[in-house]
Every structure is written in structure tokens, then in C-alpha cells.
Amino acid sequence: MPDTRTALDRQREGGRVGRPTAWRAYVHIADVLRRRVSDGALTAGALLPSESALSAEFGVVRNTVRRALGVLESEGLIETLPGRGRVVKVPGDDSSSGLAYRRIAADLRGAITRGERPPGTQLPSESSLMTTYGVSRGTARQALAALAAVGLVESIQGRGWFVRSL
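In UniProt numbering, the protein residues as written are 1 to 166.
Treat each hint with caution, since some may be false.
[Stated by the list, open to error] Distance windows between CB atoms, simulated:
1. D39 with A106: 17 to 25 Å
2. T43 with S74: 16 to 24 Å
3. G158 with E75: 42 to 50 Å
4. A46 with R66: 27 to 35 Å
Think of the hints as simulated: they come from the structure by calculation, not from any bench. Beta carbons: idealized from backbone N, C-alpha and C, even for Gly.
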């Protein structure tokens, strides 16, 4: 005769309940990673293992790993660097990598308004900005797009980004 009891019934009776729930798994993963940071196994600035590596290590699907990483990110323990991965945040560092494009845009805007880059001057390429600022191509593009949105620069297909005439 088949067992019609629920997992909760078996747990109440002292029976073993299969795999931990996804809730328990992501909380467990977050706790383990948090402990690795506090123990020094993962130091400030260290790149965390990939989602697929963590999935294999903990025997869960990537969504569960993402949920655990999201918890750590919301706590300010780690941050996501687009195109690079997730890293342990440096304690006391309030500069968000998500705002890196703003820093790049501010630097370029300053050079334009000070006259260091007059109208018609070509701006550094996305690759150059990536190297100079240590960011992903998407972040460099976002900085240039922010300047284009306020009318300071324009993209000329196949040639690059240029300071617009005011």
C-alpha cells in the first residue's frame, strides 16, 4: 500500500524528509559564502566562483545559487561587476560598480567642459575606456550613451564617438 503521508507528516513522525527545500538551500549557500568571507577564505576584491561552479558544489540549480548571491549582494557583502562576475566588496567602499559609468561620464564631461576636448574631437574608444577604468564594454557604452543623451557627444557609425558642436 502506498504511503499517503505528506513530507511534513513524515517529518513530524521523525522520518527523513528528502532533499532540503530550495529555501533551506539558498539560505545555507548564503551562510557558507558569508562564513568564507568572514574566515578570510574569500578576501575583499576576490572573485567568487561562477554560478555553475557553485551549483555543482552545492548540488542545486543556478536559480538557487542566484537567490543566495542576491541575498549577499543586498547585504552589501558582494557586488556584481558586469562582464567580470561577482566579487567580495572592500569594507567601507561605498562606490558602487553599478555607478562606474557615471564616474566615466563625469570624467569625460569635465574634459569637454574645460575645453580639453573641443567640438569634433574623438573620444577614447570603448576598448580604451574598458582598460583605463577596468570596466566591461557595456559599462563603457553606458557612459558614452549618457553623454549622448544630454547632447554632448555623438556616435558616427564606423568611426567612433565625437564631441558635438554646441
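(Q) Under the constraints set out in the numbered hints, which ones does this structure not fulfil? (A) As far as the earlier hints go, 1, 4 are violated by this structure, in ascending order.
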